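*Asks:* Residue strings, one per chain:
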Amino acid sequence: KAGVTQTPRYLIKTRGQQVTLSCSPISGHRSVSWYQQTPGQGLQFLFEYFSETQRNKGNFPGRFSGRQFSNSRSEMNVSTLELGDSALYLCASSPQGHGYEQYFGPGTRLTVT
Amino acid sequence: AQSVTQPDIHITVSEGASLELRCNYSYGATPYLFWYVQSPGQGLQLLLKYFSGDTLVQGIKGFEAEFKRSQSSFNLRKPSVHWSDAAEYFCAVGGGLTGGGNKLTFGTGTQLKVEL
Numbered sequence: 001k002a003g004v005t006q007t008p009r010y011l012i013k014t015r016g017q018q019v020t021l022s023c024s025p026i027s028g029h030r031s032v033s034w035y036q037q038t039p040g041q042g043l044q045f046l047f048e049y050f051s052e053t054q055r056n057k058g059n060f061p062g063r064f065s066g067r068q069f070s071n072s073r074s075e076m077n078v079s080t081l082e083l084g085d086s087a088l089y090l091c092a093s094s095p096q097g098h099g100y101e102q103y104f105g106p107g108t109r110l111t112v113t
Numbered sequence: 114a115q116s117v118t119q120p121d122i123h124i125t126v127s128e129g130a131s132l133e134l135r136c137n138y139s140y141g142a143t144p145y146l147f148w149y150v151q152s153p154g155q156g157l158q159l160l161l162k163y164f165s166g167d168t169l170v171q172g173i174k175g176f177e178a179e180f181k182r183s184q185s186s187f188n189l190r191k192p193s194v195h196w197s198d199a200a201e202y203f204c205a206v207g208g209g210l211t212g213g214g215n216k217l218t219f220g221t222g223t224q225l226k227v228e229l
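Protein sequences appear in the order of chains A and B.
First residue of the first sequence? That's 1 in our numbering, and the numbers climb one at a time after it.
First residue of the second sequence? That's 114 in our numbering, and the numbers climb one at a time after it.
By construction, these hints were calculated from the structure, which means they are not laboratory data.
What you are looking at is a predicted structure, and each value in this text was computed from that prediction instead of being measured.
Glycine included, C-beta positions come from ideal geometry on N, C-alpha and C.
Hints are not guaranteed to be accurate.
[As the list claims (entries may be wrong)] Once the Cα atoms are required to be at most 25 Å apart in a straight line, the calculated DSS-like pairs of lysine-lysine come out as: (1) K181(B) x K162(B); (2) K57(A) x K162(B); (3) K174(B) x K226(B); (4) K162(B) x K1(A); (5) K1(A) x K174(B).
[To be verified] Which chain A residues stay away from chain B? Per the calculated CB distances, all over 10 Å, these: (6) K1; (7) R15; (8) L21; (9) F64; (10) S65; (11) S79.
[Claimed, not checked] On the chain A side, residues computed to face chain B include the following (Cβ under 10 Å): (12) A2; (13) V4; (14) Y35; (15) R67; (16) C91; (17) E101; (18) F104; (19) G107.
Assemble the whole structure, with the sequences as input and the hints as a guide.
*Replies:* Spelled out as structure tokens, the structure:
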């Protein structure tokens, strides 16, 4: 099976802009989670989607949002970018019934200038 | 709320030597525990997982981990390290969400350097 794919792999944006990141889960996986990784804060949970519904959300401002489509693909959006949003954004998918067993994609490296 | 502590930020071992990376967790119920490895610029690869049952779990690449409830620990071990094992290792615990859902809480990671 193909792994989790994320596009784009690298992105450079300017403060105030918005960005959309995409994630395609492993075939058959319906749960998709997003994490932010920074040197200062480490790996932090952003949100989780299951069957097109946001099931849980981490402690991030409303500028961070996401959605999931009927084919389980997911997107996350960050509006009004700040310098502190520069990070590696990781997407993970889980097999049904084993939600904590998460398989990660390679990430999208976002740089905000 | 659950938490994970990895007390060693950096560890250096010689190739062929044994390795143990420490992980302590805080969680109110029986935890779901994981070890992941991350190479530079890459995502996280699942090394092994513990859900229940046998407290010694085997993973990929020759790694194993032992769950010790009395010590709230889940240490990762490898009998003989290879140069290709140099990477950052993360311990994680699953759970802590009311109403269901999945969330992993990660430790701060241990950077492993392998000397040839």
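*Asks:* Now look at each hint and say whether the structure bears it out.
*Replies:* For each hint, the structure was consulted:
{"no.": "1", "hint": "K181(B) x K162(B)", "verdict": "holds (14 Å)"}
{"no.": "2", "hint": "K57(A) x K162(B)", "verdict": "holds (24 Å)"}
{"no.": "3", "hint": "K174(B) x K226(B)", "verdict": "holds (17 Å)"}
{"no.": "4", "hint": "K162(B) x K1(A)", "verdict": "holds (20 Å)"}
{"no.": "5", "hint": "K1(A) x K174(B)", "verdict": "holds (20 Å)"}
{"no.": "6", "hint": "K1", "verdict": "holds (14 Å)"}
{"no.": "7", "hint": "R15", "verdict": "holds (24 Å)"}
{"no.": "8", "hint": "L21", "verdict": "holds (13 Å)"}
{"no.": "9", "hint": "F64", "verdict": "holds (15 Å)"}
{"no.": "10", "hint": "S65", "verdict": "holds (17 Å)"}
{"no.": "11", "hint": "S79", "verdict": "holds (23 Å)"}
{"no.": "12", "hint": "A2", "verdict": "violated (14 Å)"}
{"no.": "13", "hint": "V4", "verdict": "holds (8 Å)"}
{"no.": "14", "hint": "Y35", "verdict": "holds (8 Å)"}
{"no.": "15", "hint": "R67", "verdict": "violated (16 Å)"}
{"no.": "16", "hint": "C91", "verdict": "holds (8 Å)"}
{"no.": "17", "hint": "E101", "verdict": "holds (6 Å)"}
{"no.": "18", "hint": "F104", "verdict": "holds (4 Å)"}
{"no.": "19", "hint": "G107", "verdict": "holds (5 Å)"}
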